[in-house]
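Chains as they are written, first to last, in our numbering: chain A, 1 to 260; chain B, 1 to 260; chain C, 1 to 312; chain D, 1 to 312.
Hints should not be assumed to be uniformly reliable.
Calculated pairs, DSSO-like style, for lysine-lysine (alpha carbon to alpha carbon, straight line, at most 30 Å) [what the hints assert, rightly or not]:
#1 D:Lys60 <-> D:Lys103
#2 D:Lys224 <-> D:Lys246
#3 D:Lys177 <-> D:Lys29
#4 A:Lys140 <-> A:Lys68
#5 B:Lys127 <-> B:Lys68
#6 D:Lys103 <-> B:Lys68
#7 C:Lys246 <-> C:Lys29
#8 C:Lys224 <-> C:Lys234
#9 A:Lys68 <-> C:Lys177
#10 D:Lys153 <-> B:Lys140
#11 A:Lys68 <-> C:Lys29
#12 C:Lys60 <-> A:Lys137
#13 A:Lys127 <-> A:Lys68
#14 C:Lys284 <-> A:Lys140
#15 D:Lys177 <-> B:Lys68
#16 C:Lys60 <-> A:Lys127
#17 D:Lys234 <-> D:Lys224
#18 D:Lys60 <-> B:Lys140
#19 D:Lys246 <-> D:Lys60
#20 C:Lys153 <-> C:Lys60
#21 A:Lys140 <-> C:Lys29
#22 D:Lys153 <-> A:Lys68
#23 B:Lys68 <-> B:Lys140
#24 B:Lys137 <-> D:Lys60
#25 C:Lys234 <-> C:Lys103
#26 D:Lys224 <-> D:Lys103
#27 D:Lys29 <-> D:Lys284
#28 C:Lys224 <-> C:Lys246
#29 D:Lys60 <-> D:Lys153
#30 D:Lys103 <-> B:Lys127
#31 C:Lys284 <-> D:Lys284
#32 B:Lys68 <-> A:Lys68
#33 C:Lys177 <-> C:Lys284
#34 C:Lys246 <-> A:Lys137
#35 C:Lys234 <-> B:Lys68
#36 B:Lys137 <-> D:Lys153
Just so you know, these hints were derived from the structure itself, not from any lab.
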Amino acid sequence: MSATANYLLHLADNAVVLGQRNAEWCGHGPVIEEDIALANVSLDLIGQARLLYQQAAVVLGGDATEDKLAYFRDEPEFRNYTLLELPHRSALVGYAKSDMDYGTTIVRNFLYSALMVLVWEALQQSKDEQLAAIAAKSLKEVRYHLRHSRDWLIRLGDGTDESHARVQAALDHLMPYTEEFWTDSSIESAAVATGVGVSVPSLRAQWDALVNDALAEATLVRPAFEGYITEGKQGLHSEHLGFLLSEMQSLARAHPNATW
Amino acid sequence: MSATANYLLHLADNAVVLGQRNAEWCGHGPVIEEDIALANVSLDLIGQARLLYQQAAVVLGGDATEDKLAYFRDEPEFRNYTLLELPHRSALVGYAKSDMDYGTTIVRNFLYSALMVLVWEALQQSKDEQLAAIAAKSLKEVRYHLRHSRDWLIRLGDGTDESHARVQAALDHLMPYTEEFWTDSSIESAAVATGVGVSVPSLRAQWDALVNDALAEATLVRPAFEGYITEGKQGLHSEHLGFLLSEMQSLARAHPNATW
Amino acid sequence: PELMAKFDARIDADGRIEPQDWMPDAYRKTLVRQISQHAHSEIVGMLPEGNWISRAPSLKRKAILIAKVQDEGGHGQYLYSAAETLGVSRADLLDALHSGKAKYSSIFNYPTLNWADVGTIGWLVDGAAIMNQVPLCRCSYGPYSRAMIRVCKEESFHQRQGYEALLVMMRGTDEQKAMVQDSVNRWWWKCLAMFGPPDADSPHSAQGMRWGIKRVSNDDLRQKFIDATVPQAKVLGITLPDPDLKWNEERGHYDYGQIDWDEFWTTVNGNGPCNKERLSTRVKAHNDGQWVRDAALAHARKQQQRAMKEAA
Amino acid sequence: PELMAKFDARIDADGRIEPQDWMPDAYRKTLVRQISQHAHSEIVGMLPEGNWISRAPSLKRKAILIAKVQDEGGHGQYLYSAAETLGVSRADLLDALHSGKAKYSSIFNYPTLNWADVGTIGWLVDGAAIMNQVPLCRCSYGPYSRAMIRVCKEESFHQRQGYEALLVMMRGTDEQKAMVQDSVNRWWWKCLAMFGPPDADSPHSAQGMRWGIKRVSNDDLRQKFIDATVPQAKVLGITLPDPDLKWNEERGHYDYGQIDWDEFWTTVNGNGPCNKERLSTRVKAHNDGQWVRDAALAHARKQQQRAMKEAA
């Protein structure tokens with residue numbers, strides 16, 4: 001596969017996996033406005049995934065289609081960040097009375113969209129014109145995602161004692177997963193080399209500024225990093241992606257010859 | 001399909017679906033002895049399902065196998081009672097702090113095994129000799145399941161205020177689903193007509209006695225029935241079976257030509 | 001009495017009543033009941049279709065479905081707003097839903113059992129809802145009539161999308177066709193019941209008609225729905241599960257069989273297959289979200305206090 | 001001093017120490033630490049394999065897997081009992097696990113990512129565990145040595161089952177073979193690290209040897225494991241992911257490459273891929289089960305009171 005196709009799949013997998021997760025709140029949100037807002041975020045992400053998979057299918061040629069790429073690739077072929085496949089619950093037991101924790105959802109959307117405003121901004125200059133066009137469209141969407149999640153991060157951090165504790169726990173849980181953003185992967189380096197991709201490590205200072213600024217406003221403490229750096233973008237995932245994909249792909253795979 | 005095969009599938013589907021549910025506690029039980037006990041119940045049920053599917057495959061002939069019957073039939077083809085596919089949570093919100101409620105598990109295992117001690121006992125006289133043999137083996141197992149769940153029903157009912165309230169809520173939630181036991185289905189009538197099956201409605205008085213006796217000891221109140229009678233054994237399920245099967249069948253269906 | 005006369009005159013002239021206008025208490029109560037019931041239906045109605053979002057068989061269908069469920073949330077939101085113009089709070093309306101006092105459309109107490117149900121709900125359930133709702137676009141209460149204009153527009157779009165999804169499936173594999181037929185078999189009669197009991201047994205109709213809140217009778221709407229749907233079913237290539245369904249030249253309408261009103265009332269009275277589950281899902285979402293709403297409120301208060309301190 | 005002499009003599013004679021016997025405090029503490037750590041490993045070890053029960057690709061494999069995970073629970077249960085003979089309570093041991101004070105085998109902090117992992121854990125992880133544990137069947141503390149005899153017997157059975165499952169997969173489709181190779185690639189080095197740091201860096205070894213609690217050195221066990229496993233890998237038809245792995249005629253052993261001890265210590269110190277998740281899963285199960293344990297206790301008390309009343 002070409003470097004460009006691999007890079008497009010990495011971006012598409014990110015979008016589809018987080019889109020799938022965000023949609024899980026549909027009908028179950030804390031207030032109807034949030035059901036709508038998260039459905040909107042999900043819809044944007046699925047839309048981005050479609051454009052990216054379509055472009056990957058063009059690059060790959062043959063019988064590749066957006067749905068073949070989304071529905072008929074197995075777990076280790078997915079190149080999304082591990083952060084995005086985690087369920088909506090905090091690792092810190094004791095706060096999470098329910099299996100869906102809105103604080104976790106908000107923190108993840110914040111950490112990821114803070115990265116993607118920078119990535120999409122830079123990718124507007126991609127040498128792949130289609131990707132540059134997708135980036136321009138996605139940038140507008142992700143700016144809204146960042147505003148939405150940042151506003152809630154502050155509300156929850158600077159809200160009640162309980163909400164502060166919950167969102168801090170979610171932050172402590174999720175922040176280590178962002179280390180994956182800054183590691184090298186052969187897919188990314190190849191795309192950077194051809195001018196198609198952006199060097200994510202070069203965006204780190206800007207991301208830190210965005211994140212630290214919001215955390216300060218939210219009165220949250222950024223945890224020191226120690227430990228394990230995930231490798232989802234290299235195809236090495238957590239135990240959660242398998243369940244997500246088996247549900248997502250179940251119907252499509254039960255009817256491999258069907259058109260929907 | 002012959003009446004006998006359909007009847008065997010009904011019994012097998014019951015066993016595999018409840019076996020799948022009980023195994024969900026493995027590693028997550030309230031005390032290690034219960035992890036072991038429920039794994040044991042699950043193992044018995046999977047074992048029963050295997051024997052029943054194997055016999056069904058013999059009756060059906062062709063390329064039917066136990067795994068084809070368990071893994072490659074779709075939702076509406078499954079003939080299990082709706083009761084058995086429900087997740088382990090009580091419908092009564094407020095008590096269930098977690099998505100897995102042990103009270104629900106215990107009540108379901110109790111209601112079902114109270115039926116099956118009677119069914120297996122009667123099926124020892126089945127005109128299908130294989131089924132009669134399976135019944136003799138299963139009877140021993142289900143007697144243990146009944147004792148286990150009955151003991152816990154009483155502990156929980158006659159335990160703390162909280163456990164009493166929880167298990168009463170689980171009972172209120174699940175009892176209506178037992179009405180399905182007593183309704184007619186063409187599959188059962190056909191099997192009764194040939195002497196292969198047992199008339200479940202004829203067991204109702206004995207079941208009532210078993211249940212009422214245990215509820216009295218557990219200081220629980222049997223809810224009056226009103227409302228909807230489920231039709232899982234006719235292939236009309238709840239929304240939960242689809243998710244259960246898509247997870248259970250995902251790997252097998254991803255590799256339709258594989259042998260494991 | 002003078003106000004009453006003015007109100008009656010406005011109604012008779014087919015004029016609009018606005019929030020600031022005087023209105024009889026019974027009119028206000030009837031509207032609150034009807035609008036909130038409709039809002040609740042939209043919110044609960046997100047669940048049966050939402051059940052398939054994670055498993056939608058293509059990304060395009062997934063996007064369409066999310067957008068549709070999102071629209072339903074939006075309808076709920078502005079119907080709650082319309083109800084609030086009558087002096088009730090959303091919190092009170094939600095309490096009434098969660099305690100089981102308020103009703104929502106009974107159709108959502110049935111399960112979605114295969115993917116075709118998503119299409120069928122668009123085609124038949126939304127189709128029946130539109131039949132019920134189009135007359136309400138001319139309803140006498142301004143905010144409600146304006147909300148319904150927007151709702152109906154979007155619902156019509158959903159209906160076409162649902163029908164189109166079924167058309168694609170009917171051109172597909174045998175399994176896909178079987179799914180559609182199975183789905184229509186399960187939903188058809190339930191959709192006919194959505195128009196409510198026969199006119200003879202319908203308690204609120206007369207007064208509702210008088211006030212321009214209800215504009216066409218249950219039976220007339222049902223007939224209209226059937227007459228519109230039968231040709232669509234033919235194009236689709238599925239069989240509607242009613243052996244008595246046939247064109248009556250004399251009446252210029254389709255005749256149809258007996259609706260099972262016992263089943264309808266059982267479900268309306270709380271004993272359908274999913275009543276308890278739908279309600280408890282909503283209650284759980286509300287309870288689980290309490291800390292989030294509390295946090296938003298606490299933060300807003302802190303912001304306000306900080307602003308006041310700065311101003312002082 | 002007299003007791004100590006008697007104890008030493010018993011140890012030197014390769015005799016067994018039993019619960020009622022006098023023993024030095026350090027011996028008791030070391031045993032409690034080691035046995036409870038082993039018990040915790042069995043309980044936590046249920047999780048990575050348990051992760052695949054719901055998706056086992058055949059009913060036979062599902063039954064085998066449930067039975068295996070159930071056995072691990074059983075091992076945990078009687079190892080806790082063995083520890084209790086040393087005067088500690090299971091509740092205290094669990095508290096130590098849940099608070100992070102007690103350790104469990106670090107191998108369970110890695111994820112199971114495909115079905116072959118179930119077989120590989122049986123073959124390699126259980127295989128390595130058996131190497132570690134067989135010498136403990138001759139351990140100086142009676143209850144522990146008896147527990148280990150039973151554990152080792154069952155683990156050997158699991159190892160053969162795991163290997164057999166992989167053999168079947170290696171005779172299957174290309175995807176199945178790829179799964180096995182991928183799985184072995186991920187687990188091989190982690191299994192070698194299971195024998196603990198090189199002898200030079202192993203703090204507890206000397207005293208443990210003296211007391212007959214530990215009987216063979218880390219490096220010797222590791223070498224023994226490698227020598228036993230390489231031929232099995234050949235039969236299986238997979239490649240062990242170590243380019244330095246080759247037979248050394250002179251040593252009469254396989255040479256092997258450098259183990260990444262940094263990664264090992266990172267994981268041991270709490271920062272492996274699944275440490276937090278495994279522990280929080282156990283804590284959640286324990287907390288969620290509190291009401292059940294409370295109920296059992298309350299019921300037992302009531303029963304007792306009723307019995308006493310009747311007797312009075």
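Hint check:
{"no.": "1", "hint": "D:Lys60 <-> D:Lys103", "verdict": "violated, 34 Å"}
{"no.": "2", "hint": "D:Lys224 <-> D:Lys246", "verdict": "holds, 14 Å"}
{"no.": "3", "hint": "D:Lys177 <-> D:Lys29", "verdict": "violated, 46 Å"}
{"no.": "4", "hint": "A:Lys140 <-> A:Lys68", "verdict": "holds, 28 Å"}
{"no.": "5", "hint": "B:Lys127 <-> B:Lys68", "verdict": "holds, 26 Å"}
{"no.": "6", "hint": "D:Lys103 <-> B:Lys68", "verdict": "violated, 43 Å"}
{"no.": "7", "hint": "C:Lys246 <-> C:Lys29", "verdict": "violated, 41 Å"}
{"no.": "8", "hint": "C:Lys224 <-> C:Lys234", "verdict": "holds, 17 Å"}
{"no.": "9", "hint": "A:Lys68 <-> C:Lys177", "verdict": "holds, 22 Å"}
{"no.": "10", "hint": "D:Lys153 <-> B:Lys140", "verdict": "holds, 27 Å"}
{"no.": "11", "hint": "A:Lys68 <-> C:Lys29", "verdict": "violated, 54 Å"}
{"no.": "12", "hint": "C:Lys60 <-> A:Lys137", "verdict": "holds, 18 Å"}
{"no.": "13", "hint": "A:Lys127 <-> A:Lys68", "verdict": "holds, 26 Å"}
{"no.": "14", "hint": "C:Lys284 <-> A:Lys140", "verdict": "violated, 34 Å"}
{"no.": "15", "hint": "D:Lys177 <-> B:Lys68", "verdict": "holds, 22 Å"}
{"no.": "16", "hint": "C:Lys60 <-> A:Lys127", "verdict": "holds, 27 Å"}
{"no.": "17", "hint": "D:Lys234 <-> D:Lys224", "verdict": "holds, 17 Å"}
{"no.": "18", "hint": "D:Lys60 <-> B:Lys140", "verdict": "holds, 21 Å"}
{"no.": "19", "hint": "D:Lys246 <-> D:Lys60", "verdict": "violated, 37 Å"}
{"no.": "20", "hint": "C:Lys153 <-> C:Lys60", "verdict": "holds, 22 Å"}
{"no.": "21", "hint": "A:Lys140 <-> C:Lys29", "verdict": "violated, 44 Å"}
{"no.": "22", "hint": "D:Lys153 <-> A:Lys68", "verdict": "violated, 47 Å"}
{"no.": "23", "hint": "B:Lys68 <-> B:Lys140", "verdict": "holds, 28 Å"}
{"no.": "24", "hint": "B:Lys137 <-> D:Lys60", "verdict": "holds, 18 Å"}
{"no.": "25", "hint": "C:Lys234 <-> C:Lys103", "verdict": "violated, 34 Å"}
{"no.": "26", "hint": "D:Lys224 <-> D:Lys103", "verdict": "holds, 25 Å"}
{"no.": "27", "hint": "D:Lys29 <-> D:Lys284", "verdict": "holds, 28 Å"}
{"no.": "28", "hint": "C:Lys224 <-> C:Lys246", "verdict": "holds, 14 Å"}
{"no.": "29", "hint": "D:Lys60 <-> D:Lys153", "verdict": "holds, 22 Å"}
{"no.": "30", "hint": "D:Lys103 <-> B:Lys127", "verdict": "violated, 57 Å"}
{"no.": "31", "hint": "C:Lys284 <-> D:Lys284", "verdict": "holds, 20 Å"}
{"no.": "32", "hint": "B:Lys68 <-> A:Lys68", "verdict": "holds, 25 Å"}
{"no.": "33", "hint": "C:Lys177 <-> C:Lys284", "verdict": "violated, 36 Å"}
{"no.": "34", "hint": "C:Lys246 <-> A:Lys137", "verdict": "violated, 52 Å"}
{"no.": "35", "hint": "C:Lys234 <-> B:Lys68", "verdict": "violated, 36 Å"}
{"no.": "36", "hint": "B:Lys137 <-> D:Lys153", "verdict": "holds, 27 Å"}
This entry does not satisfy hints 1, 3, 6, 7, 11, 14, 19, 21, 22, 25, 30, 33, 34 and 35, going by the numbered hints stated previously.
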